[in-house]
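Chemist: One line per chain: the protein sequences are A and B, in this order. Per my numbering, the very first residue in the first sequence carries number 1; after that it's consecutive. Per my numbering, the very first residue in the second sequence carries number 1001; after that it's consecutive.
Each hint should be verified, as a subset may be incorrect.
Derived DSS-like pairs: lysine-lysine, alpha-carbon spacing no greater than 27 Å straight-line [what the hints assert, rightly or not]:
id	chain 1	residue 1	chain 2	residue 2
1	B	Lys1109	A	Lys252
2	A	Lys252	B	Lys1207
3	A	Lys252	B	Lys1336
4	B	Lys1201	B	Lys1071
5	B	Lys1041	A	Lys252
Over the 12 Å line for every Cβ pair with chain B, so calculated as not near, a few chain A residues [said to hold, decoys possible]:
id	residue
6	Pro57
7	Gly149
8	Ala486
Note that these hints are calculated values from the structure, not bench results. The beta carbon of each residue, even a glycine, is placed where N, CA and C say it ideally should be.
Below, each chain spelled out in residue letters.
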Amino acid sequence: MTDAAVRIAATVPAAPARGHRGLAGRLWIAALLALLTGLVLYPMFMLLLGAMSSVGPLSADFSIWAINFDRLYAIATHATAQRALMNSFITCGLGTVVALIIGLFFAWLTERTDTPGKKIIGVVGLFPLFVPPLVAAIAWSLLGSPRTGLLNTIIAATGLPFRLNMFSYEGIIFVFGVYYAPYVYLFAAAALRNMDASLEEAAAIAGVGPMKTLFTITMPVIAPALGSAALLCFVVTLGVWGVPAILGTQAKIPSITTYIYTLFQGNPPDHAGAAAASIYLVLITGMGVLLQRWLHSSRNAVTVTGKSTRPRVMPLGKWKYVTLGVGIVYLLVAVVIPMLALMFIAFRRFIFVASFEAMFDFSLFGLNNFQNLFANPYTMLSIWNSLIVGVTTAALGSVLCFALGYTIVRTRLPGRSALDVVATLPVAVPSLVIGISYLWAWIVVPIGLYGTLGILVLASLARYLPDAMKSMTGTLGQAHRELEEASWICGTGVLATIARIILPITWSGVAAAALLIFVLSIREYGATLFLYNNRTILMPLMLVQLIEVSTLGSVAAYSLLQVAVLMGLTLVGWVIAKAGKRIGTARKSKHIQPEGANA
Amino acid sequence: MSRNSRMTFKTALSATIGAALLSTTALAQNFDAQRIEAARKEGALTFYSANLPELLQALVAKFNTRFPFVKVEIVRLANPPLIARVEAEATANRLTADLMETTDLNDAKKLENIFDDAYAPPNAKDYPAAAQISKRFWPMCGAAYVVMVNTALVKTMPTKLDDLLDPALKGKVGTVVPGAGGTSWSAALMQRVVKGEDYWKKFADQKPLTFQSSVPLGTAVASGELLMGFAPLIAVAPIQKQGAPVAAIGLDEGIPTSVTAGAVTKTAKNPNAARLFLDWATSAEGQAAYTELGCASVLPGQSLPTAMKVNSGKVWVTPFAEYADRQPGWVAEWNKMYGVNQ
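Start from the sequences and build out the full structure, keeping to the hints where you can.
Modeler: Structure representation (structure tokens):
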């Protein structure tokens, strides 16, 4: 059981024994376990089987009686694999350091300073979440290619002697750092907001300066939260394929994910090798996740509870304009400049820019790339498919999350801990690996799932289940116990109580889980990269395909389209979730009203 | 309009209609009438292919102007996952493809048993022996490798392979790794077979940028990041169409061309539609359609694609025997020489 779930379960009363401990309860647990086995354990088993074979389980030559450790050993000792892993550690590690610096700075700026417009900066700091890392990598490759990158063309016009080169370690680290900073920001801002500020207050009374307080009091107090955020950032970037694929391939900087991709898609493909490398990636990621959870649940839980004093806001004087400037620069670097670069290439007939002056030759601008894009039948199909997969995954995911969350947090049924472990297992499995395991798991099962949108839904569901579970268990733990108990005392059954009491008051958590799954499943490509074909293509997969087979103008145009659709759909989802929350609140008030009236 | 002119108009109209009818009849005679009727009854076809998606859509559109009654469903994947999918589906007895087109002939050979050996296109004997892979796979698109040049930055066009060894080009040329697929392997094979063993070494000394696929190489040349590079013509043509300053140059030594291979599956649900498609694709008419889309046909008598500037006009058809035998060892050698980790 997750630490959060353990704490919540300890404070929440169990449902009546008569309903849950009986046969129905056991059958319920068995059904959920069977579902999770199909969703998580069986594909993982197939991956392991693939890693322990010589040919991969898809091959006609595969035999269960010939399993061995040869490929696992060969990959572990292969020089390219070792180099790829080392590169991943370097780029993801240093990228995390950059993300930590940016995220912490923004958290401090919005939570502890009087910087003008800090609320807007707080929102803006999350904008990079709307720019998928693959799109960001494409945009920065346009800006910083060594000879003809748009920024280099501008730098050349100024006569400055240096040039940027995004096809390098520095380029990958930069993109990881800038686009994963919001992950750190969210953790750090929450920790700063929730920490007991009396220590900072005492330091101020004792005459300690604001900067010294920051580094000797505030930072050590929130260090576990920062460590947890850093580990999460490191683990997430470790599983990213797009950034090293766009910026590292040309510079011959293989990462562990591009290495797996090359093994799988290579000529000839090495499926068993890809599975073996994936197993190592799962082990490393798993260790990172365990460490992250340990950090998140140990000191952090103690130091960031309750608050006796409101945090002191640090007056920055004239420096507040500097911090404001830094916030604006971040927005420019993370969102505005890359989007402008994509627009420049998308609206230009072709990519060649002879000089700085040629950038403003408006006769070369037009809508050709967009016309080509919309003439392609797969463009609209990808948007439509993404909608179907996003909505279906969100609907199924929120129902499953609620069922699992309720069972884990609010019952004492035997086997609920096993449910928790299995449901959160995919957090340690990079998306790309989920894709490979699903391919092998479902292609051989004659139920016609392979090659359909259904398998994309299931792979996305498995991958994003742990993220949504976190939100769901938290909400269920906060639900009032009295209402549920009152319902049982009145003789209402478990299902009716859930429908009438629990669901309305936890609607915001269900909606948040659904929205999170929806956004992730239409934004990310990893889990579905090996599972799609042209009929089941999704937006991020269409972008990957365009990168492989089309012109850069089309890639830029589609990137813009994807960002616009992502923002639009997220906004619609957010509005629906808000509306649902209002309805939930109204229903909750209706349920509570009689008690209030009696009082 | 005068009587004479009306007569003339009538005569001209009759002649045109007559010619059109004759032409349709003549074309129709190229294809087996019974097969056309059987295909009409099937009405559909599932076509697995590793060719470029835009090319496939355009090709199917051309096929459908000729045979509108066959609805072609394309399932497009890159070659390795396509082969993996076909193999897995066949192992599970759930192969849904009626027709498959692969860009790697070695892969195609491994799966030979799941394809129909009773079918051959009517003009099979017209194809050169080098392009005849087996009795199951038939040449479809001839993927020609050219030198893609940024004409805004390069004034003197290369004409020979040795021109790419000019020291002024050091670090400013590119190539797709031969391990990426059949076409890039064909180009590397031709360089070594025609120019001798040390050409690879000399070109490696030019410190070329290496790419895993042709599209990023095309982008690098089109943007001016590179001055020139070896690239398949079908990757150059769309960039040229945009108006970008790029040229596709066929060198004097020949234009390395490997064919994509098409085969009808033994378990095809629509065998007649699949055979009709292959009949059409391998015919002079189908090959002309391919040429229009940027493929270099290996069928004798076909003209070269207009997108290509050719010096010699000589197509170097990749000999399959060498292609298959040399591939593993020579690709590994190339990777080591060029510092490519695969």
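Chemist: None of the hints should be skipped; say for each whether it holds.
Modeler: Each hint, compared with the structure:
1. B:Lys1109 <-> A:Lys252: Violated, at about 32 Å.
2. A:Lys252 <-> B:Lys1207: 13 Å, holds
3. A:Lys252 <-> B:Lys1336: With Cα atoms ~13 Å apart, Lys252 (chain A) and Lys1336 (chain B) stay inside 27 Å; holds.
4. B:Lys1201 <-> B:Lys1071: Roughly 49 Å separates the two Cα atoms, so the pair is violated.
5. B:Lys1041 <-> A:Lys252: Answer violated: Lys1041 (chain B) to Lys252 (chain A) is near 53 Å, above 27 Å.
6. Pro57: Given that some Cβ of chain B is not farther than 12 Å from that of Pro57 (chain A), nearest at about 9 Å, it is violated.
7. Gly149: 8 Å, violated
8. Ala486: 55 Å, holds
When held up to the earlier numbered hints, the structure conflicts with 1, 4, 5, 6 and 7 and fits the remainder.
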